[in-house]
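Colleague: The primary structure of each chain is shown beneath.
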Amino acid sequence: MSIDPNYLRANQGFRLADGGRIDRGDPLIFSFAGRRLMGYRGDTLASALLANGVRIVGRSFKYARPRGIVCAGVEEPNAILQIGGREETQTPNVRATEQPLIDGMVTRPVNGWPNADADLMSIFGSLGGALMTPGFYYKTFMFPASRWESYEWFIRRAAGLGKSSKLPDPDRYDHMNHHVDVLVVGAGPTGLAAALAASESGKRVLLIDERSEAGGSLLWSGDADKYAWGEAIDAMLPMQWVANAVRRLDANPQVARLTHTTVTGYHDHNFLTAWERRDDTCAFSGSDTVPGTRQRLHKIRAASVVLATGAHERPLVFANNDLPGCMTASAVSEYIRRYAVIPGNRLVVMTANDGGYRAAFDWKQAGREVVAVIDPRHDPDSSAIQQAREAGITVLTGSALVEARGRKGVTGALVAPINKLATFVTGDTRLLACDTIATSGGWSPAVHLSCHTGSRPVWDDAAIGFVPGPTTERRYAGGSLLGHHALAQCLADGTEIGAQACSVYSDEQREGSIAASVPQVQSSNTTEAAPMALFAVPHPKPSSRAPKQFVDFQNDVTAAGIEQSTREGFESIEHVKRYNALGFGTDQGKTGNVNGMAIVARALGKTLPEVGTTVFRPNYTPVTMGAVGGAHVRELFDPERYTPMHRWHVKAGAEFENVGQWKRPWYYPQGNESMSEAIAREQLATRNGVGILDASTLGKIDIRGPDAREFLARVYTNSWAKLAPGRCRYGLMCGEDGMVMDDGVTACLADDHFHMTTTTGGAAHVLSWLELWQQTEWPELDIFFTSVTDQWATISIAGPNSRALLDELTDDIDLSAEAFGFMDFRTGHVAGIAARVFRISFTGDLSYEINVPAHHGQTVWDALFNCGERYGLTPYGTETMHVLRAEKGFIIVGQDTDGSVTPYDLDHGWAVAGNKPFSFIGKRGMQRSDCTREERKQLVGLKCSDPNTVIPEGAQAVRDPAQPIPMSMVGHVTSSYYSAFLGRSIAMGVIKGGLKRKGEKVYFPLADGRTLEATLCDPVFLDPEGARGKV
Amino acid sequence: MTTTARPPLAHNALGRTASAENAGLTITDHGVTGLLVLRVKPERVELVKAVETVLGVALPGALQSATVDLAVVRWMSPDAWLISLEMTERERIEAALVQALDGHGAVVDVSGGYAHIELSGPSVLEVLKTSTAYDVHPDNFVPGKVVGTTFAKATVLLRALGGGSCEVLVRRSLADYVLLWLDKATTDVGMRYVNNSE
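Same order as they appear, the protein sequences are chains P and F. Here the first sequence stands for residues 1 to 1031, where the numbers follow the numbering used here. Here the second sequence stands for residues 1 to 198, where the numbers follow the numbering used here.
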């Protein structure tokens, strides 16, 4: 877009000619609500908006009032914007005060309809606002429930905060782990001093700060000659000292430093999470450049944590205090000094402490008019006040700014004298014309992180704020976080706790070994007047009659609302919070919470410590879902496990099924075959010729030791005493409750050596189950388990031709029925590869399971196909395997069982040996009266009366299809297929009392209105004598 | 044995294309390595001694490995070690260990069950830090140290080698996942794949 850059530059009417930590040589063009604007590298989005005179950045949540930028940091409640250059990168609720300006950035307010400047909702807000009392949503939308949908449309339209894209996020994110001796949170003066002290020790130090550069409050410090209240550290300008400190830290290989990174969670055992904004350029500007990692979530395990998180300035609560142009005093200073942006022309300051005077000095220094400083303290005396008066600034003490005037922004301030306790107005008001109001009610230490592990903050009268409470973690705090706001004290605190944080590590010689000396501060601010604990400013009218006095800007919580909720009986701060939604916004009430508590305290006649504070939980600021997910997305969301023959299956066009993390071939469609056609073909080819299945995913456990046989007898329900070497046996494994947990075939390789197989999904659980029992209950058994699931490629060939096929590839295994019978195991060579061959069958047909080391799996698989053509060798997948096994009534644990099924329920009593000398796991459980009662659900076969209809799996059975709803359900279908070989549908299900009801009918009323009829039968549909497998 | 063994990663399409110049990470694929799991109770001193005679080295203690000409022995748990050796030596040593254990303990061939790769290059530390929660700082993860840990969402055995390199042993079925993970993790720094399995 061709817009004259000079025009855009000139549009920055609120940019100062010089100063600030911005690069005027690097202009950045961005858009806000469709307008093209310019800022400079070094700007935040907020400072650039202010430079361009943008006062309204959004509309309030409930009343749709115009709102402007209030703060300059993380605590900002209003300036939360929708940012994103493209639909798929839309990010809602980004704090403009923290977001560095990016060339090409596309931003707009998160709400305002049709736009924030001319918001139609404000009409509703001003009319309906009077009706929107505390607990409005609770009270109004409870009844009638049927109306909720119509309410919802309106509420969403009116109150939404931003929108998320429904498209996949195109950006990359990742996680990074850190193990450090000392983590320092905050790179202001306290944090820098702590990091310097800690780094002397040679320990691993990590210093994290959420801003774009280190310095904290020093970023808007100034040259002592140029600015009133300038300070020097070790005879250096503060930012020179910072640069020097950063250089020293960066030169130390044991120190790492992160900027643009917010520590958002402090978890138990000094585990902290931090969210780093690495490069939002592509996401926010819409450029198509291939991005690096956009954001990163750091997971930090620290021996010691130093919290130097500083404090947030509290705005004062007065009437219309939400008008654009009302800001915190420190924000005004920061915009002027750090960004060379002055938010207006005529300033009124209202401050209950000396710190707020700085805004007046900076404003005057910038050449604009300071109308007055309003100080509620009666006759305070300090250097700040003297300097202000010397500079010709009007200071009104014993007074208060009771109300802001204006419609879309501040045009005046109503000032009145107040009593000493600042509880009521004592005289007439007067109106001061102004366009900006800076207020300071004091500083609230940023205690959030210190509270995440359950430590409650404690009220400190001297600090006029909550400070961190006791903790069980190795955690140190200092500086403004403790209410120590003087720079010299911050540096002293930092140096001390930085050294302490290391000393927990070395037991000896710690004393005096930290060489760091405390940086010395030179300051012109010599005497300080005590700050006043003022939160809500009195108004000539009671707060219920006065214009709205906002406490929580993001949720439109007012002083009157809080007072009303206390009158309604909400006295616990936790209840007041929820009833009003105080602190519920994305800013979590960083500016409003303490003011809200103070208003509760005033209303209830309690002290602040009596009211207490609410609980702080992670996260400190919102974290994008992208960063939470990291690189574990898309194809890396869950590991995919492949068998050694996976590529072959892919080439053969297999469709895959997820079984646990494994990708198993599901079926192999040929040409335009449908799934059912493919399965019919695979099934018939196997039953009539020979089929091949990749069974490598079966869990395999190598069991060795003299007590292996005894152990098997204890974990399986059946007997293992007489299983000879070279033989295999099917076993059922139960939990202590007697319910079937896993099944599989175990082969005896030698008297002290067994090869156990488990279900694909149960492998890991079974191995840990075995280890659990061996290690905790029977350590005396001399036995070892080793997982060999990945070691063996398992190839199953099944069908009448399988013997002839295998015979082509082996010359050292006698495959004759006499020499190698059903359930026998042999070692030998297949296709020249040493193999373990099991003659076991999951199809009922003659079948061999060939196990070879995984790296030879493809070789043997290929060899079978090389001579398989004349036998019609056909690959089949898990779906055909299911049909083949269901024809024989073979169960699948997890499909035909669900954790409430005993071996007897499966009619597998033959696999339970009640007379073993030692008990087995589940024996007592399956003898409970509930397990032996009549009418348990039992596994039976089900034949649908229409042989061409497959009953849906999961269908519920009833005995009387005419019974009115609710019908008595007597069981459900667990497995159901169409068998091409039998030419009819077959099913298995668990039906109450099914075993004695074979021949009876049950009915399946379906969701689509049909009712199917089926007859209970034996689950073995094919070859009940077992002749096919024993040829 | 005449047929060709297929190493876990040999079929991976990625392996053929990932050959960035000046790559931050080089993956050397050692292909099929002889691997034996040794299980023996450390309190069975006579068995341990017999095993050590076969290997020519004392079984290393917790988180340690021992390297001799014949083999590298990695501690896995108080009664388990993973021994890597040339495939040509595998059968002979397996038999000797079985004999030394005298029916107590176990020796299990898992040569087919693992991918054996080595990570080297300037970005190894950063890649490890994005992949595992274990403390891989060189102060802690000193050469020879062995740790069983998570790598992305896979379970691996990591061994620190000299010069900032690192050995990764991962179950064969998860090897493709780990390779894909490394490919994504090195999008910015580049990855080179070296097939050392011949």
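The hints are simulated quantities; they were obtained by calculation from the structure and are not laboratory data. All residues carry an ideal CB built from backbone N, CA and C; glycine is no exception. Be a bit skeptical, because a hint or two may be false.
Stated by the list, open to error - Computed Cβ-Cβ distance ranges for the label pairs, DEER-style:
1. P:E736 to F:P78: 23 to 33 Å
2. P:R727 to F:K41: 51 to 61 Å
3. F:V142 to P:A256: 38 to 48 Å
4. F:S77 to P:F822: 35 to 45 Å
5. F:K41 to P:P609: 35 to 45 Å
As the list claims (entries may be wrong) - To be clear about the criterion: a stretch of chain F counts as covered by chain P if any three or more of its residues have a C-beta under 8 Å from a C-beta of chain P, and this derived list gives those stretches:
6. 32-41
7. 54-64
8. 98-107
9. 162-174
10. 179-193
Colleague: Next, verify each hint and record whether it holds.
Modeller: Evaluated hints:
{"no.": "1", "hint": "P:E736 to F:P78: 23 to 33 Å", "in the structure": "27 Å, holds"}
{"no.": "2", "hint": "P:R727 to F:K41: 51 to 61 Å", "in the structure": "29 Å, violated"}
{"no.": "3", "hint": "F:V142 to P:A256: 38 to 48 Å", "in the structure": "20 Å, violated"}
{"no.": "4", "hint": "F:S77 to P:F822: 35 to 45 Å", "in the structure": "39 Å, holds"}
{"no.": "5", "hint": "F:K41 to P:P609: 35 to 45 Å", "in the structure": "60 Å, violated"}
{"no.": "6", "hint": "32-41", "in the structure": "holds (count 3)"}
{"no.": "7", "hint": "54-64", "in the structure": "violated (count 0)"}
{"no.": "8", "hint": "98-107", "in the structure": "holds (count 4)"}
{"no.": "9", "hint": "162-174", "in the structure": "holds (count 4)"}
{"no.": "10", "hint": "179-193", "in the structure": "holds (count 6)"}
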